[in-house]
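Visitor: If you want the building blocks of each chain, they are given just below.
Number of protein chains: 2
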Amino acid sequence: MSQDAATEGDLRNTGMSLRHDREWDYELDRIVEEIEERDANRVGLQFPEGLKRRGPAVADDLRELCGDDVTFMLSGQPCYGACDLDTYLMRRTDVFVHFGHSPMKESEKIIYVPLFSNVDPFPILEEAVDELPEEEVGLVTTAQHMNRFGEMVEWLEERGFDVHTRRGDDRLTYEGQVLGCNYASADIDADQVLYVGGGKFHPLGLAMEHPEKKVLIADPVNNVVTVADTEKFMKQRYGAVHRAMDAEKWGVIFCTKIGQGRMEIAEEIIEDNDDAYLITMDEVTPDRLRNFAMDAFVNTGCPRITTDDGPQFHKPMLTPGEYRIAVGDEPLDSLSFDTFHGTW
Amino acid sequence: MSQDAATEGDLRNTGMSLRHDREWDYELDRIVEEIEERDANRVGLQFPEGLKRRGPAVADDLRELCGDDVTFMLSGQPCYGACDLDTYLMRRTDVFVHFGHSPMKESEKIIYVPLFSNVDPFPILEEAVDELPEEEVGLVTTAQHMNRFGEMVEWLEERGFDVHTRRGDDRLTYEGQVLGCNYASADIDADQVLYVGGGKFHPLGLAMEHPEKKVLIADPVNNVVTVADTEKFMKQRYGAVHRAMDAEKWGVIFCTKIGQGRMEIAEEIIEDNDDAYLITMDEVTPDRLRNFAMDAFVNTGCPRITTDDGPQFHKPMLTPGEYRIAVGDEPLDSLSFDTFHGTW
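Sequences listed follow chains R and Z, in order. Count the first sequence with our numbering and you get residues -2 to 341, in order. Count the second sequence with our numbering and you get residues -2 to 341, in order.
You may find that some hints are simply not true.
Identical chains blur together in the list; that is why a pair holds if it fits in one copy or across any two.
Claimed, not checked - Below 20 Å or equal to it, Euclidean Cα-Cα: the simulated SDA-like pairs (lysine to any residue) are:
1. Lys197 / Asp216
2. Lys246 / Ala54
3. Lys102 / Thr68
4. Lys312 / Glu46
5. Lys312 / Arg51
6. Lys246 / Thr68
7. Lys106 / Trp21
8. Lys312 / Leu25
9. Lys312 / Ile121
10. Lys246 / Arg60
For the record, the hints were derived by calculation from the structure and aren't laboratory data.
Whole structure, please, built from the sequences with the hints as guidance.
Guide: Quick look at the structure:
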């Protein structure tokens, strides 16, 4: 990554090797075109956590391509989704490029670069199909593999599967796409769903949201096929609800991130409960909540902080639905995964 | 703090005991008056870190005093000064109450409650005067003790001192007030300055900014008299500058907090240095900077993060002035404390 200091000027046609990595398609040409078209001077670049360290090299290449009149500013804010735009940087730049996620809501100002992966999904699909006993199968993936989604459907159909796909709701950009907080694309008429993508974050959410379905993970990044197992998570959820049943003072968290606000739900809780306090913040972290002497918390922001990071907090943290169980408004068997709908 | 559940209605004249602690003056009457005058429905409350846990009890008392039509929202954002307003909460509430700091800039929307202390400064002043060999003395304190400042001046004059005080610049509200980043009130014609207040945070900054003066600390909270000693800090600063001299890639931090932005300084650095990258963020933390593969950082935000928290970061972090030394633009002996002037 650290090459010789770049020479100046427009090098688009010189064949000079650019600095950025080749694992992901940063769509530099499209970005440069938009910058030129809008005559932009200040350009904001926001990367998700895992790719922040690639940011400077991408900025280097864009500087080479755009010349000295354009200032690039890297967002140093944590970022975990298209729900999580750096609105400060967005307001203060002419063009704002958000990498790694597909549009949750289109805007003139924002260029979304979903970062399509160059990984080949078919070798791992070859292994996965042996684990799909039925003909009917749902297919879902993340923004990173959307560039191959049509091919994957065809490939499965060629092998005799009846592939069910669905666009989901307006929080999702593409047919077959899932987010950590939204699995509406898996509301399909099949008992098995094939998830293609890296890691277990998305398929675990999918399996929690659709406990009646078998969720098969075909992971082309780590080259493994597994079945999503939510047992540990579900035990943790029931444990948190039980511990919160004794709580007197409740902190009700309203998340100020652009795509994570559910004020109506938060206000409903504090209106009904005199011992509930509305607390607003962007990053919901153990350190920040430790400042408040509460017995339990309800998180109306990102449900994955509640389910995945829950055990790291010093007091039980529940989803709004779990809160209603803990205070006795709903029965224990109504416990379900908290999903997030709509944009902002 | 946890008393019986509050009964409803306006209890202002019932003599009911309120829930908040009595250490600080929260000026509830003034807040209630402003809420009523503005017919406010949504009220934001922001406390500094050390007092966040008092927030819910203060909210309880305000709820009692204002009735059910007013919704109180507690800011869960970190807060370290009047430079650090929760602008999100401010924009979304009718009245925004900022506790613990005096106004950096007045605004219709904001009620500043400096939280005057009820501690008596005179017993410790009695001890401190023995350590002041000269007649000429500067006197400074923090917002918390401003309610006694006039008395302190008189008290010292009665004992034969020639007391020098100064308003400082427009970042400061009161004569004799210091901030962690601004000691303009100590630009006075005396070789010794008496600081009255809790802790060493302010007097250490004062001593770094005015290395030629003796800074005597009279701490009425911990009941000690000491002389500010900056040796450890100064060694750390020289060490950081030396380690950064080999840096190739620089991250230049622009802090997005309302009173901590110095964009001109940040842009000047990146314009002059092709290996410098502008990074924007609100909280400047070791975790956030670890995401960027830089050799060193320049922090144009709060200077106290650089000097006090510097050793916690994985790479050297310098003030803008220290950066100029590290890159060879200024001599090593120009090293000085980074102060912050103006408002926003």
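Visitor: Please work out whether the CA atoms of lysine 106 and tryptophan 21 approach to 20 Å or closer within one copy, between two copies, in both situations, or in neither?
Guide: Close neither inside one copy (23 Å) nor across copies (46 Å); limit 20 Å.
Visitor: Up to 20 Å between alpha-carbons, please classify lysine 312 paired with arginine 51: within, between, both or neither.
Guide: This pair counts as between: shortest inter-copy Cα distance 18 Å, intra-copy 36 Å.
Visitor: Should lysine 246 paired with arginine 60 be assigned to within, between, both, or neither, using CA atoms and 20 Å as the limit?
Guide: between (52 Å within a copy, 15 Å between copies)
Visitor: Given identical chains, is lysine 102 near threonine 68, meaning Cα to Cα at most 20 Å, within a copy, between copies, both, or neither?
Guide: neither (26 Å within a copy, 30 Å between copies)
Visitor: At most 20 Å between CA atoms: does that hold for lysine 246 and threonine 68 within a copy, between copies, both, or neither?
Guide: The answer is between: 17 Å across copies meets 20 Å, while 48 Å in one copy does not.
Visitor: Indicate which option fits the pair lysine 312, isoleucine 121 if close means a Cα-Cα distance not exceeding 20 Å: within, between, both or neither.
Guide: Classified as neither: same-chain Cα gap 41 Å, cross-chain 41 Å, threshold 20 Å.
Visitor: Give the relationship of lysine 312 and leucine 25 under a CA distance limit of 20 Å: within one copy only, between copies only, both, or neither.
Guide: neither (45 Å within a copy, 30 Å between copies)
Visitor: Is the C-alpha distance from lysine 246 to alanine 54 at most 20 Å within one copy, between copies, in both cases, or in neither?
Guide: Result: close only across copies, 11 Å inter versus 48 Å intra.
Visitor: Should lysine 312 paired with glutamate 46 be assigned to within, between, both, or neither, using CA atoms and 20 Å as the limit?
Guide: between (26 Å within a copy, 19 Å between copies)
Visitor: First find the shortest C-alpha distance between lysine 197 and aspartate 216 inside one copy, then the shortest across copies, and answer within, between, both or neither for a cut-off of 20 Å.
Guide: within (9 Å within a copy, 54 Å between copies)
The structure fails to meet hints 3, 7, 8 and 9 from the earlier list, while all remaining hints are met.
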